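The numbering of the sequence shown is our numbering, which starts it at 3 and goes up by one.
Calculated directly from the structure, the hints in this document are not laboratory data.
Just so you know, these numbers come straight off a predicted model, no measurement behind them.
For each residue, glycine too, the CB sits at the ideal point set by N, CA and C.
Hints may be right or wrong, so weigh each one.
What the hints assert, rightly or not - No more than 30 Å apart at the CA atoms, straight line, and that leaves these computed lysine-lysine pairs for BS3-like:
hint: 1; residue 1: 343; residue 2: 384
hint: 2; residue 1: 191; residue 2: 137
hint: 3; residue 1: 385; residue 2: 562
hint: 4; residue 1: 465; residue 2: 749
hint: 5; residue 1: 419; residue 2: 369
hint: 6; residue 1: 685; residue 2: 747
Said to hold, decoys possible - Computed Cβ-Cβ distance ranges for the label pairs, DEER-style:
hint: 7; residue 1: 154; residue 2: 97; range: 19 to 25 Å
hint: 8; residue 1: 536; residue 2: 726; range: 41 to 47 Å
hint: 9; residue 1: 511; residue 2: 383; range: 26 to 32 Å
hint: 10; residue 1: 463; residue 2: 568; range: 27 to 33 Å
hint: 11; residue 1: 139; residue 2: 295; range: 26 to 32 Å
hint: 12; residue 1: 726; residue 2: 78; range: 44 to 50 Å
hint: 13; residue 1: 97; residue 2: 475; range: 48 to 54 Å
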Amino acid sequence: MYKKWAILLIVLLFPIQVIATSSSKNEPETEVSEVQEELSKQTLRFSSNQFTQPEKESKSVEVDTSMTNFEQVAENDKLKLYVNRDSLALKIIDKRTGYIWNSGLAENREYKLNDRWRNMANSAVTITYIDDKNKEYVENVLSEETTTELNLEENGFTAVINFKKADIVLQLEVELDGEDLVVRIPESKIGEGENGKLVSLRLYPFLGAVHGNEINGYMFIPDGSGALIRFDENSRANSPYQASVYGNDEGFTRSVDDKKDTQEQTSPPQKITMPVYGIVHEAKKNGLFTVIENGSEYGELIAYPSGVSTNFNWVTSDYHYRYQYFQPTSRSMSGYNTYQKNRNQFDIKERTTFLVKEDADYVGMAKSYQQYLVESGKLSRKKDEVDVRLEFLGGEVKEGILWDSVLKMTSINDLPKYVRQLQQQNVENMHIVYRGWTKGGLTGTFPEKFPIEKELGSKADYKDTILQLKKKDIPLYFYTDYTKAYEGAGGFSGSTDVARKKNGETMNFSTFDRNYFYLSPKDSLELAKKEIDDYKENSISKLAMDTSANVLFSDFNSDKSATRREMVDLYTDMHELLDKEVGSLSLYQPNDYLWSVTERYLDIPMYSSNYSFVTDTVPFIQIVLKGYIPYYAPFSNFHFNRDEEVLRMVEYGANPSFYLTTQSSQLLMNTPSRDLYTSEFDKWEDEIVRQYEMIQESLGEVEGASIESRYIHETGVVEVTYSNGKSIIVNYTNEPYMIDGIEVKAKWFKVLNKGDKTS
3 MYKKWAILLI VLLFPIQVIA TSSSKNEPET EVSEVQEELS KQTLRFSSNQ
53 FTQPEKESKS VEVDTSMTNF EQVAENDKLK LYVNRDSLAL KIIDKRTGYI
103 WNSGLAENRE YKLNDRWRNM ANSAVTITYI DDKNKEYVEN VLSEETTTEL
153 NLEENGFTAV INFKKADIVL QLEVELDGED LVVRIPESKI GEGENGKLVS
203 LRLYPFLGAV HGNEINGYMF IPDGSGALIR FDENSRANSP YQASVYGNDE
253 GFTRSVDDKK DTQEQTSPPQ KITMPVYGIV HEAKKNGLFT VIENGSEYGE
303 LIAYPSGVST NFNWVTSDYH YRYQYFQPTS RSMSGYNTYQ KNRNQFDIKE
353 RTTFLVKEDA DYVGMAKSYQ QYLVESGKLS RKKDEVDVRL EFLGGEVKEG
403 ILWDSVLKMT SINDLPKYVR QLQQQNVENM HIVYRGWTKG GLTGTFPEKF
453 PIEKELGSKA DYKDTILQLK KKDIPLYFYT DYTKAYEGAG GFSGSTDVAR
503 KKNGETMNFS TFDRNYFYLS PKDSLELAKK EIDDYKENSI SKLAMDTSAN
553 VLFSDFNSDK SATRREMVDL YTDMHELLDK EVGSLSLYQP NDYLWSVTER
603 YLDIPMYSSN YSFVTDTVPF IQIVLKGYIP YYAPFSNFHF NRDEEVLRMV
653 EYGANPSFYL TTQSSQLLMN TPSRDLYTSE FDKWEDEIVR QYEMIQESLG
703 EVEGASIESR YIHETGVVEV TYSNGKSIIV NYTNEPYMID GIEVKAKWFK
753 VLNKGDKTS
């Protein structure tokens, strides 16, 4: 490797052709070719969908400006709203730029669409329903037997849509609200007859849709940290993006898939924690951003790149009123697929904000969502300063022949010692999460947590450690979970306290050889109430909450049933109760409805799901949260390329994390924590110090500031500007990069004051 870098230096200092000529005369060209291949690989990697690409040059955009068959129904100082009475399609004129947004197809153009797709594209509402034989059908506003009755309102209109063939009636409400378009389907206005039952519904699916690559732009989806699907003539995808908001509902999943299902299985998308999506027509010119205000618990985001079913790029939400599920009829798991009898009860409300000029990109979308969350009381400023998360595994269950024992990996008394060692090396800011402190170790007796595991220290040891760290102003969080219940543990009943699926099966899962269940949400809340006094008795005042912060399901436990919507309320109540009665909460990848009680966001996604149709990964969620909630990257001791991952933390504004133990991780070989393959503090101490210094040198300059803009200078070189006037330039490439006379070293970063050319 040293030899390769030496040759690389020669390549950079001398023209390639000179070296090639010399090599041809004297020695083989193998080494030079290897270096060129290495450089090529680096370039390809930074231009992959794991990074963000530079914007393309603007090109002339041909927009459908015809208002034939459309009438104006509302206007304010920013927008004009037009509607087509037949299809209820919309045209929205943004008065700030004159740009026209369409929800349907241009009437004066020919597209390669059959009647079914053409009607769906032009219709305001498309429904899927089942007849009395559970057979699925699709209808829309332009279907032959569908009728509409439109009534003008002060800021828009309402329309009663009668899908006569489906025997379903509903009401559509559309209005302007400042720079927003608000669309509703009230639950109270939905009527079903005997011949049809509503399964799902789409609202204005082609709003902002783009044919091929006629416009430079992209669709934004909240996949992982955030992802873009740039408009192209034909994407590499053969299927659309589909992901349920807040994850799939385990209440309707099948425990045992048949062979066909297994063969067709693909890698699942990362869980969506925000009910949002957007479209950009020419970056920094025109964009729209949609927030699902109501109905998100039953929403599924779908995005079709051009070339998948049609030549259009379009994104929308599919709302599920009834889920299909498998009903077994025998112990051999034979059975049949059927649908919920009762409809999911929820209102749909979408708020679409139209973005212009500097705000018309994914950064503007994130800032718009940030403002929306702040104004609605769902996001507030927490203490945002650079620190490092040190997560220690205390004990883990070790299976024995007759009974299980606890494998001690890190005693509670070890923690102050490690803090002292790091502080002696100028690592001042850190917080600790202590796992496996509960009786039986990490996967031992959940949901029971008390008494504390005596193998890790006495009650006095715990209190002494808590006091020592408190004096040093080092927050100590105790890892907990109110959703998982391990098989064989006490504190719950497998017949009455476990969540159940629609078909009666228990919700059971496994981690390696350790099986666990999901508790009924109502039991989770009651257990949290019960344990408040235990936390206080043991001087525990900070909790790191896993699973409960990021799952959402329907529970069909006959005595304690809860809908997905009700579970949001139950879990919100539980987290707010613990935050008030116990202390601050760190949450692992929490859904956005819990951000108001999130003191620290743990394991924030740093990538997207890497699907072939995704063209860019962007730090959308980081832009939303930066300056409001401190967030932490996944564990650095699991990274393959640590140097590059730290640069990504610098770029994304994320603090580093480490999962550590005192003992060798080899001892965990035959335990449920066998995936912790390198963790000894003594081996990772130097790397902790190094990463902390890098983050302090960079993100320490923008503590408490929010992200204002993000610019890709060229492939692999990114500049992020903050609200305090500072910017951080990250150079991922192997070569130095010059910006206005300032050099950013290869594989490094540079912090600048706005307009400062010397720092």
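List of violated hint numbers, smallest to largest: Result: hints 1, 3, 4, 5, 9, 10 and 12 break, sorted rising.
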